[in-house]
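Taken in order, these protein sequences are the chains called S and L. In terms of our numbering, the first sequence opens at residue 1 and continues consecutively. In terms of our numbering, the second sequence opens at residue 1 and continues consecutively.
Any given hint might turn out to be false.
[What the hints assert, rightly or not] So the derived label-pair ranges between C-beta atoms look like this:
(1) S:Glu327 / L:Ile269: 25 to 33 Å
(2) L:Arg207 / S:Asp85: 35 to 43 Å
(3) L:Glu226 / S:Glu250: 57 to 65 Å
(4) L:Asp41 / S:Ala47: 34 to 42 Å
(5) S:Glu42 / L:Gly35: 51 to 59 Å
[Stated by the list, open to error] Which residues of chain S face chain L? A few of them, derived with a C-beta cut under 8 Å, are:
(6) Ala145
(7) Asp147
(8) Leu148
Honestly, the hints are just simulated from the structure, not real lab data. No experiment lies behind these values; they were computed from the predicted model shown. Where is the CB? At the ideal position from N, CA and C, for every residue including glycine.
Protein chains: 2
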Amino acid sequence: MKSSRYDVVGIGNAIVDVIARAEDDFLVRHGMHKGGMALIDEPRAQAIYAAMGPATEISGGSGANTIVGAASLGARAAFIGKVKDDELGRAFAHDIRAAGVAFDTKPAADGPSTARCYIMVTPDGERTMNTFLGAAQNLTPADIADDLIASSAITYLEGYLWDPPQAKEAFRKAAKIAHGAARLVALTLSDAFCVGRYRAEFVELIRGGTVDIVFANESELRSLYETADFDTGVSALRQDARLAVVTRSEKGCVVVSKDAVAAVPAAPIERLVDATGAGDLFAAGFLVGHSRGKDHRTSALLGALVAAEAIQHLGARPQTPLNALAEENGFKL
Amino acid sequence: MKSSRYDVVGIGNAIVDVIARAEDDFLVRHGMHKGGMALIDEPRAQAIYAAMGPATEISGGSGANTIVGAASLGARAAFIGKVKDDELGRAFAHDIRAAGVAFDTKPAADGPSTARCYIMVTPDGERTMNTFLGAAQNLTPADIADDLIASSAITYLEGYLWDPPQAKEAFRKAAKIAHGAARLVALTLSDAFCVGRYRAEFVELIRGGTVDIVFANESELRSLYETADFDTGVSALRQDARLAVVTRSEKGCVVVSKDAVAAVPAAPIERLVDATGAGDLFAAGFLVGHSRGKDHRTSALLGALVAAEAIQHLGARPQTPLNALAEENGFKL
Numbered sequence: 001m002k003s004s005r006y007d008v009v010g011i012g013n014a015i016v017d018v019i020a021r022a023e024d025d026f027l028v029r030h031g032m033h034k035g036g037m038a039l040i041d042e043p044r045a046q047a048i049y050a051a052m053g054p055a056t057e058i059s060g061g062s063g064a065n066t067i068v069g070a071a072s073l074g075a076r077a078a079f080i081g082k083v084k085d086d087e088l089g090r091a092f093a094h095d096i097r098a099a100g101v102a103f104d105t106k107p108a109a110d111g112p113s114t115a116r117c118y119i120m121v122t123p124d125g126e127r128t129m130n131t132f133l134g135a136a137q138n139l140t141p142a143d144i145a146d147d148l149i150a151s152s153a154i155t156y157l158e159g160y161l162w163d164p165p166q167a168k169e170a171f172r173k174a175a176k177i178a179h180g181a182a183r184l185v186a187l188t189l190s191d192a193f194c195v196g197r198y199r200a201e202f203v204e205l206i207r208g209g210t211v212d213i214v215f216a217n218e219s220e221l222r223s224l225y226e227t228a229d230f231d232t233g234v235s236a237l238r239q240d241a242r243l244a245v246v247t248r249s250e251k252g253c254v255v256v257s258k259d260a261v262a263a264v265p266a267a268p269i270e271r272l273v274d275a276t277g278a279g280d281l282f283a284a285g286f287l288v289g290h291s292r293g294k295d296h297r298t299s300a301l302l303g304a305l306v307a308a309e310a311i312q313h314l315g316a317r318p319q320t321p322l323n324a325l326a327e328e329n330g331f332k333l
Numbered sequence: 001m002k003s004s005r006y007d008v009v010g011i012g013n014a015i016v017d018v019i020a021r022a023e024d025d026f027l028v029r030h031g032m033h034k035g036g037m038a039l040i041d042e043p044r045a046q047a048i049y050a051a052m053g054p055a056t057e058i059s060g061g062s063g064a065n066t067i068v069g070a071a072s073l074g075a076r077a078a079f080i081g082k083v084k085d086d087e088l089g090r091a092f093a094h095d096i097r098a099a100g101v102a103f104d105t106k107p108a109a110d111g112p113s114t115a116r117c118y119i120m121v122t123p124d125g126e127r128t129m130n131t132f133l134g135a136a137q138n139l140t141p142a143d144i145a146d147d148l149i150a151s152s153a154i155t156y157l158e159g160y161l162w163d164p165p166q167a168k169e170a171f172r173k174a175a176k177i178a179h180g181a182a183r184l185v186a187l188t189l190s191d192a193f194c195v196g197r198y199r200a201e202f203v204e205l206i207r208g209g210t211v212d213i214v215f216a217n218e219s220e221l222r223s224l225y226e227t228a229d230f231d232t233g234v235s236a237l238r239q240d241a242r243l244a245v246v247t248r249s250e251k252g253c254v255v256v257s258k259d260a261v262a263a264v265p266a267a268p269i270e271r272l273v274d275a276t277g278a279g280d281l282f283a284a285g286f287l288v289g290h291s292r293g294k295d296h297r298t299s300a301l302l303g304a305l306v307a308a309e310a311i312q313h314l315g316a317r318p319q320t321p322l323n324a325l326a327e328e329n330g331f332k333l
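Produce the complete structure using the sequences and hints provided.
Spelled out as structure tokens, the structure:
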């Protein structure tokens, strides 16, 4: 195997988060499912924005957050995703590059504006997301740079890519190139509602070996196997996946492999400020640990550590250098 | 005197803050004066943005921050300032309106983009600002709504308005209307370098009675009277101003009136995260206290309380309802 140019390349929706605090009754009044991600069209986006409180704009996107986290941990990282050449698109590109991530996807010159995710953070720190996909809908297989995928140790894909019409083809193309170059493919299931929309395809991706490593949280796992019972879900996942991690918020996570199901604790936090990005950053830590040859438990502990950083401030991107944080906590990467 | 429609109307540069963390050597390398505000042109703005780290966009502007703080304290508040009709301009308008502030200044249809302030926050929590004035340069006397000024108990003006070419005329027009309606005019000196640029005019505004209440910090006071000695500055200010407050960071503030010079302590904080907006929010608290007939000491304590909230998170706009904060701390507004 040739040595890799990147430790990890992510493919995902390129999104700017528009974050505001909101009370629970705001969610009810606007028909939002707490903790979930809803796709919205432009008129709904305008209506939500008009109703929501003063906001902060921070680059986001699930896969992009993971890749930025990986870069902050010291990984060589790249990202593929579609913005428009507008103010928010330029902000997205600036932020991800300033985080040390290679990002060369050509921005759309026309069509819908850069994707935005309107995030309501309730007093309990939970986040409820409303995504206007905009320019992210125009990611196509042509945006997948063969050379980049073939030279990355891990290609990381978000389940949300099933929403834009042509992105799943980009996803399949990337997975094929990666495996053709004897590289690994990882997938996050993204969101329980997303799993509900594409259940059969996701099961097929995992069972058929299109993906090697799967990330899910409890509700995504339950949705995937249509079961209320966690252990039933874990058993099914163990049958289907080569390696999977199921995150359980403050209860830590479970690493599911053919030879074992191992529980790993969460990292302690002082105060939950905004849960946005917890899963994204967990994946960053796990993937970097895995790519450095750490055992599953160590990788999961690193994931838990950087997820804990993410949920103690507003926004999903790290606000402190994660390599230093990891070192302070005894990780040797 | 007719009852007022607003407790306070602010006039200032309408700016979106682009905030990133930076090390001290970044400031040195890019020739920035730590703790100060520098005016920059578009090429310099692009160069700074390209060099700076991942950023967060939050609506800002000194006067606008003060007005949003006043609204959060329960005051009836309005703002006058110029944005362009672009993405950041729409974000500014959304955020200030969502904070409960009346904002009806017509956005510019063309010309330079909405103003941006590139803010570097160093590890000590200090902020260093670089402002591209953009559309804010096009504020003119025509933007001053006579009726709005005449019906506001206090008109609050930022010294930064001396930078855009026609805004000082808007400022003078507003002060004249306010006094013609027997209302109060307040001014913040904004920044020591700004005072350096317009010293003679600022002294004339204060001495000549164009402004009734003056806000300054220590370095602005020293710059105003070209003295290294704090007490000399305070004596000169007492001579010139009807009422003034000089803020001194963790040392609290000094309320300077004809009959007394009274020191008031700062409010305790857990951790200084980002000093951006400390002075702006102090002014909000003081003005709201003053407009509710509180004594100077109580008004200054309220200013100190809300300034302490502002410096414990990133960005200058309050992240918690200030009226509730004031109530919890025993203020009856």
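Exercise. Against which earlier hints does the structure fall short, listed by number upward?
Worked result: 2, 5, 6, 7 and 8
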